[in-house]
Each structure stands twice: as C-alpha cells, then as structure tokens.
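Visitor: Chain A is already provided as a structure; the job is to place chains B and C on it using the hints.
Chain residues, written in single-letter form:
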Amino acid sequence: MRVALFVACFDDALFPATGRAVTALLERLGHDVSYPPGQTCCGQMHWTTGYHREAAGLARAFTAAFEGAEAIVAPSASCAAAVRDAYPRIARAARDAALARAAEELAVYELTEFLVDVLGVTDVGAYFPHRVTYHPSCQSARTLGVADRPLRLLRAVKGLDLVELPAAQECCGFGGAFAMKNADVSVAMVADKVRHVRDTGADVVCAVDNGCLAHIGGALSRLRGGVRVMHLAEILAGTGPA
Amino acid sequence: MTGAPPGPRTPAGAPGARGEPGAGAAPPKFAVAARAALADTGLRRGLRAGAAAVRERRSAAPEPADWEDLREAGRAIRDGALLGLDAHLEELERAVTEAGGRVHWAAGAAEARRIVTGLVRAAGAAEVVKSTSAVAREIGLNGALARAGVAVRETGFAELVAQLAEDDPEGPAPYRDRARIRELFARRLPGAAGGPPGDPAALAEAARLHLRERFLGARVAVTGANFLVAETGTVVLLESEGNARMCLTLPDTLICVAGIEKVVPAWADMEVLLQLLPRSASGAPMTPYVSSWTGVTAGDGPREFHLVLLDNGRTKALADEVGRAALRCIGCSACLDVCPVYERTGPAPYGPVRAGPIGAILTPQLRGVERAAEASLPFASTLCGACADVCPVKIDIPEVLVHLRGRVVESRRHRPVPTPELVLMRGLAWTMADPRRYEAAVRRGTRWARLMSRGGRIRRLPGLLGKWTEARDLPAPPPETFRAWWSRRHR
Amino acid sequence: MSSRDEMLRRVREALGGARGAPPEVPRRYERRLSAEDAAAGADVPALFGERVAENRAAVRHVGADELATAVAAALWGREAKQIVVPADLPFGWLAELDGVRAMADRPAIDVDALAAADGVVTGCAVAIAETGTVVLDGGPTQGRRVLTLLPAYHLCVVQAEQIVGTVPEAVGRLDPARPLTWISGPSAAYGADMPGAEGMHGPRHLEVLVVED
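Protein sequences appear in the order of chains A, B and C.
Throughout the first sequence, residue numbering follows numbering that gives the first Met the number 0, covering 0 to 241 in sequence.
Throughout the second sequence, residue numbering follows numbering that gives the first Met the number 0, covering 0 to 490 in sequence.
Throughout the third sequence, residue numbering follows numbering that gives the first Met the number 0, covering 0 to 212 in sequence.
Among the hints, erroneous ones may be present.
The calculated DSBU-like cross-link candidates involving lysine-lysine, where the alpha carbons are at most 30 Å apart (straight line), are [unchecked claim]:
#1 B:K28 with B:K315
#2 A:K180 with B:K28
#3 B:K315 with B:K393
#4 B:K393 with A:K180
#5 B:K28 with B:K393
#6 B:K28 with B:K466
#7 B:K315 with A:K180
#8 B:K466 with A:K180
Chain B regions said to be covered by chain A (calculated; three or more residues, Cβ under 8 Å) [to be verified]:
#9 25-34
#10 367-381
#11 431-442
#12 469-481
Cβ-Cβ distance ranges computed for the label pairs, FRET-style [as the list claims (entries may be wrong)]:
#13 A:G144 with B:R414: 36 to 44 Å
#14 C:A52 with A:R151: 40 to 48 Å
#15 B:R54 with C:G138: 35 to 43 Å
#16 C:E160 with A:P87: 48 to 56 Å
#17 B:P434 with A:G144: 29 to 37 Å
#18 B:R44 with C:E160: 49 to 57 Å
#19 C:R26 with B:D251: 34 to 42 Å
#20 A:E66 with B:R414: 34 to 42 Å
#21 A:A167 with C:A159: 43 to 51 Å
#22 B:D251 with A:A167: 52 to 60 Å
#23 B:P417 with A:R1: 42 to 50 Å
#24 A:G29 with B:R44: 48 to 56 Å
#25 A:Y126 with B:R414: 26 to 34 Å
#26 B:A24 with C:G138: 50 to 58 Å
Since the hints were derived computationally from the structure, they do not count as laboratory data.
Beta carbons are placed, not taken as given, at the ideal position from N, Cα and C, and that holds for glycine.
Chain A on its own, in the form it takes in the complex (with noise of 0.2 Å):
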C-alpha cells in the first residue's frame, strides 16, 4: 500500500526519531512510504487557540500537500484528529465549501488505527525487552476513539511487560496552549499523571502524542523521575533477537 506519512511540526524538529520509526515500520511491513514535502503544520496548534483564520490558511495548504493520497498515516493522535474532526469546523468557521470538500476526501488515520484497521495486523513483529506502560492520550481516547488498539499492538511486542496505567483516562495537563496559559494547573495535572506513571515501576511509558510525553517527560525529568518517555512507534519499530 502507498503510504503518505504525516509528521507533525513539532514532531519534526523536537522528535524526528518517530517519524523515522514510522518510516522503518512501515517498510518492514511491507509498504511504500513517501513523505509529501508541501506538508508544514495542519494547523491545530491556531485552531485551537482560537487563531481561526489563520487555522483555515493552514488547512488549506496541508489538504493540497495530500490531494490524492491514497492513506495518510500520522504518528500524533491530536494532528489525525485536527484533520479528521477539526478540519470541517474550521471550513465551516471560515465559510470555505471547497476546503470541507478537500478536507472529506483526506483519509488521515493516526498510526494504530492504520495498523489495526487497515493493515489488520496487530503483531509487527517487534521485540522490545522493558516494562512498559501506556498513556492514552485524549484526543486519541476520546476525540478518535481509538479505543484499545495501541494496547492490543503492544501486547504482542515479544519481551515486552505491559503494565496498567493508575487512573490512565485522566488528561495530563498538557493541551497545547494550556500548558503555558494555565501552567500552575498544567504543573499539578502532570504532577499526579507522573506520580501514577512511576506507582508501576515502567522504565518506559510511552502514549500516541509526542505532546503529551513532552510534558510527562519534561516533568519527569525535572523529577529526576527515572523513566523514560517514547512514542509507540519507536516501540514497534525496534526489533531484536527473534
């Protein structure tokens, strides 16, 4: 399958290691990646903090950047569901009938959907040796519903320990914006989604957002926490002694 991969700004310059296991995913399964170079930001970051014009300039550019693909793939659960929930609204805030008529044809899936729904694999053969647990994001707990997908893809991670997350469903404070306007409330959300996070003894705790896992990994770095943060997909990528 022809694979259009999506990598969110931020991901780009502050997490390029995701984009790259995505890539090496992706191939090993099988698949052509190609990586459209008109992509730049989808816009969520504006639109969420109510810079909506502009949120509608930059929506216009990300569904030209991938007219015709066949599936685009992003590795962040809040840049798929800026796409795929906020892109209508956005269109319709700006009065735009052509961009929500691009933005219908966009198939966008975040990474584990694409994995567990269209590709219908759930082992990608990955190898893994920690213990590991795993934040669901909101956006995709809630926003896309992704339900137990990553979960189901991390069980079958050979060595991998899987442990459950205390009180997993509570947000960790990031939001975008929030964490900088609201930082004191932002602060004492992560400071208990830390707090959980180390309760289960993982050296690694990885989610679907490198936004989120910025946050827990900046807190628990300040923390001296002693676990590491990683995408998912750094985690299905890594492969090892067969």
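Guide: Chains B and C in isolation, oriented as in the chain A frame:
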C-alpha cells in the same frame, strides 16, 4: 440542585456585598485566581476526595441500558426548547397565569433584583428563606435584598455554612471539613449548645434545628427552578435536603427566579429529563425529592406565586449558533465532577456565574469577553473532552470552548497595539504557509535551542515559552529534523 | 417597550432563521421495564421494594388483611405516640393502633403541631419500581404537602396496583396541575464532606408498606 458539589458561595448579604455585577475592581484571570486555589491544600484535599467519591458512585451505579437513547432524546428536547423559545415562553406565561401565578420579565440582573425586592416589600416581609439558586448568585440577589433591609436566610447546607462564615462571595471558596464546620456551628448557632459533636448526623441536626424556626416563621421564600414546563406552566425542582420543599410549601408567598433557558416544551419531556438529571447529578436513579407546582393550589402551599424570568445575556448566547448549545445545560454538574482542571482549582477561579467546564462556556457568553477574566475562561481547559463524554444533553463543551477562543482572539485582533501572542501566531502561520520558510525557521530555531540546552535538555526558555520551563524540561531538538533526514535518505 | 416584549424580540432576533424549527425528538428509550430489569425483580412490586431499600428507606410487603397490623407495628417500632394523618385516610388502616393518637388534618393542623408530631401516615398517587420512588399528588389518602414534610417519620402505604415500572409510565399517569412530590428515600446532605448525613429537613425516616393481595 442542592445536591451539587460546592459551588461558588452565595454572598453573606452584607451591605454592598455585590452591587452591579461587573462593577468595581476587575476580577482576576483564571490562571491568577487558580494559583490561590492551588495553594490551598485543604481545598485541594477536599476536591480530590470529592472527585474520588464521585468516581466511586459512578462506577457503583452502572448506566441503564438505554442511556445513550435518553441522552439523544434529552439533547433534542433541549434544542427544541431553545429553537422555539419565544413561543414556549408565551405559552408558559399563559399557563402560569391561568393557574393563579404571576410572571415577571427581567431583561437584566438589575431589573430582576428590583422585581424580587419589590415583591418582598409588597409582602411586608423583613426576612426571606432561600434555597440554592445559581441564578440568584448570578444576579447578586442577596446583596440587593440586604440593601433593602431584608434578611436572607440561606437554607441549603453548603450555603448556610458559607453564610455563617461570612465568606466573601467573590473570593475563593474556602474548603471546610467537618471539624471546621462544627467549630463554626458552635460559634454561630446559639441553639447548638456546647457545640455538636463532629459527626455528619449531628451537624445535620444542628442545621435542621436552626432552620426549622426560620421555616415555620417564614412568609416569603425565594427558590430557583430546574425546569419550567411551557405546556402546563409547571415548575419542577429537584433537591436532596428538603429545604426547597420547606420553601415551596410553608410561606405565603413563593418567588421563583429562573433563566429563560429553563423552559421545556411539554410535561411528557419530564420522562426523559427526570432520568437524565438525577443520574448525572449523583449517580442515583432519582434525587430524594422532586417537587412540582403549577400556579397556586387552594389550601395547599403558598397563596401567591411569582415567576421571574431572566434574560441577562442568555439571548446573546442564543444568537450564537455554536455557543447556544451551552443553554441546553440542565445543571447536573457532571462536567465539574469529571473535569481535571476543576478538580484542582475548585469553583472560585470561574467567577460567580457557573463553575467548571459549563461555566467556562456559559460565563463568557453571558458577560461578554471584553474583560480579561471572562476572556480567560475558554482557555481554562486542556480540551480533554471528559466533560462532553458525560454531559446528559450532549453539549460538545470542547467545541464551544474552541469556538469561544476564536471569539476572544477576534475581539482583540484589531487593537491598535497587537497582543504579543497575535504577533507570534501570525508570524508562525506566515512561516508555516511555505515549506521553504518553514524549513529555514526550524533550522534557525534548532540552532538556538541547542545552544540553550545542557545535557540534551532545555531547562529555561525565554518569553512566552518560559512558562513551560518553570516546572518542565524540554528535550533539545536533535541536530537533524525528520524532513532533513528524509531528503538526505532520498537524495 | 416592556421588558417582556423586549425579551421576546431578542429571542426572535437571536434565533433568526433557526426559529421554530424544532428537531424531531428520538424516543428510542425504554418506556417500560426492560426484560432484564423485570426478570431481576421477579415482579414489579418486588423490584420496587428492592429499590426503596437501596434508597435507604425501610420497606415491608404485606397482605391487604395485614395492613392495619403492619401500620400499628411500624408506629410502635418508632415509639410514636402522636401522629397526623390526612383527613380522608381510610379508617381501616389505623384500626389496630394501640396507644397512638392520630390527629386528622381537618381542620387544618397548625405547623407547630405538625412539627411536634412523631409521624405521618399517608397513601400515594403512583410509585415507581425502577427508582424506588413514591409520588404524592395531594389526592385521596395523601393530604397537603406540609403533612409529609414536618414530621420526622413518614409511613407511606403503596397498593401494588399503584406501582408502575418506569419514570415514563409515572409521568404519563400524573397530572402536573396537581402539587406533586416525588420521594425517593429520606432527605440527605451531599457534598460538603457530609457522607450519610440523613434527615436534613424533610422526614428523617421513610418507611413503605407495599400492599399485595
């Protein structure tokens, strides 16, 4: 509802307690007010325990099998009420009047205060008993009655405690555990001789004894309403303590103050709403007491009934196609119960209208977004969506929050001096609009960020981003972006 | 322009083209007890009894010929000496009272005497199985609202045929023109760190006798 979690406290009725809402010193932004709440460890402990108790209640009471069908029906009933609001209000007025009640129309808070004060005066009462009412708090009714020389007796337990403690209605609501309530009662309730022991039943008994005298002697009562049935002119009120029953049964004159959005078209609609509201409010299939009345009934209850219908910004919310969804709210407080932000800040930072996620979308619409306090409310959320999941009338709170953020930004777009954020966001959008500009900017940013990092982590960022590094590190960007890696690989 | 006209004008202007186009209400929810609920409760009065008990109220099932004895026993159990009753309460319900003075609400009993009474005995208009609720509408055997409000103990007699399965069935049977009081357990204070503080202002104890033949 009386059974709701602690809401913003009602004014103690001190003269000048709150004149015209919005007058005086500007209230603080959410983030600033939240800081005080976060520093109150007692409040945080109480909120956390409250949230845990709610989670337990919810998991102990599984949703009925037809819950989603009830929610769909509830949403449609409330939408129908709003889309035909003018006709329903006229029908309601007709039905209430035919049943011997009187309907008063208040376009704003001042008019509502004037109407209620006038009615109390006309009844010749120097004291009113009052049950929990969000609208009374919204319009600053207690202060107005106090200025008119009328003593207001709060009868809901939480409101009684706040009144006895003389809490500042605009300040943060202090958390009080049983020991502190006991101490307060011992000091302030002359009847509670020697101070009741600290068990809940004894505290309830002290409140019961104190208020019983007030109830038996009361001539005028003020209540809120959960629903106003247009077809029949029926007011429906849910509560758990029995204080509202006292208010709507014992006095000669009953004054009910309600927002115009409380209207529902038909009595049959109650078959849905009386399932949605109790379960969402407390997890129980039914609230202990549901009372309804239609006008006055000879020989049973008040001889005079007045219904005060309040606009006070509701028609402004109604005019907003996205924002009007907030008016569907039936006041269950389920969104507060599950909100991770509310769990940490409590009600005070949301201001006096409504707390929690529903307050964050309702208050800015009722009061406008000109002031920083109201403008900050739509941003007081991570958009995690837990509220929308539980809302019994399916208000998409995150959607309305984002919509209102847009309104806040638009309202500030044409200021003579643009906000730093506007400059930044415009600049970013311009940069992102072109892949080459974007690449160059990322290259520049990466270079700077790497210079600021130590051991692969950034511990301090300048400007707007400095808020991030107050308590969190950021990983230093790797030297090669994904984009650069891709083009190197495919060269 | 009066405030009334001004508010109605604002509403019409706010709604614009959307005005008066109410959406169809999808009523797919259950109007009667679902098969599982009915099966779990074996029958409607039994389910009602279970739910009343879950509302922290006492409940007993009695035969019609045992009612007077059950009323007397319940009052005896609460050590009630002086009770109040609606003027039209069937005399037979109180036929077995021993050492309890029942005061009928005619002429109307004043509030101080009501507050001083040890209890009140009434019937109801409708009862709801799925929620364990009794609904009073001021009709026969129920009296004025205040009768069941001030005494500390409320003994409510429910005839099996008065019990419906669900809230929609109850709403359909009730007349909103009457003063309705739905009672689901004793009063309580929630929140404010007050777990289990029962009996704030209404009766502290609710007891239900379900009469089945």
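Visitor: With reference to the structure, classify each hint as holding or not holding.
Guide: We went through each hint and held it up to the structure:
| no. | hint | result |
| --- | --- | --- |
| 1 | B:K28 with B:K315 | holds, 22 Å |
| 2 | A:K180 with B:K28 | holds, 10 Å |
| 3 | B:K315 with B:K393 | holds, 21 Å |
| 4 | B:K393 with A:K180 | holds, 27 Å |
| 5 | B:K28 with B:K393 | holds, 28 Å |
| 6 | B:K28 with B:K466 | holds, 16 Å |
| 7 | B:K315 with A:K180 | holds, 27 Å |
| 8 | B:K466 with A:K180 | holds, 8 Å |
| 9 | 25-34 | holds (count 4) |
| 10 | 367-381 | holds (count 6) |
| 11 | 431-442 | holds (count 6) |
| 12 | 469-481 | holds (count 11) |
| 13 | A:G144 with B:R414: 36 to 44 Å | holds, 40 Å |
| 14 | C:A52 with A:R151: 40 to 48 Å | holds, 42 Å |
| 15 | B:R54 with C:G138: 35 to 43 Å | holds, 41 Å |
| 16 | C:E160 with A:P87: 48 to 56 Å | holds, 53 Å |
| 17 | B:P434 with A:G144: 29 to 37 Å | holds, 32 Å |
| 18 | B:R44 with C:E160: 49 to 57 Å | holds, 51 Å |
| 19 | C:R26 with B:D251: 34 to 42 Å | holds, 40 Å |
| 20 | A:E66 with B:R414: 34 to 42 Å | holds, 37 Å |
| 21 | A:A167 with C:A159: 43 to 51 Å | holds, 47 Å |
| 22 | B:D251 with A:A167: 52 to 60 Å | holds, 56 Å |
| 23 | B:P417 with A:R1: 42 to 50 Å | holds, 44 Å |
| 24 | A:G29 with B:R44: 48 to 56 Å | holds, 55 Å |
| 25 | A:Y126 with B:R414: 26 to 34 Å | violated, 57 Å |
| 26 | B:A24 with C:G138: 50 to 58 Å | holds, 55 Å |
This entry does not satisfy hint 25, going by the numbered hints stated previously; all others are met.
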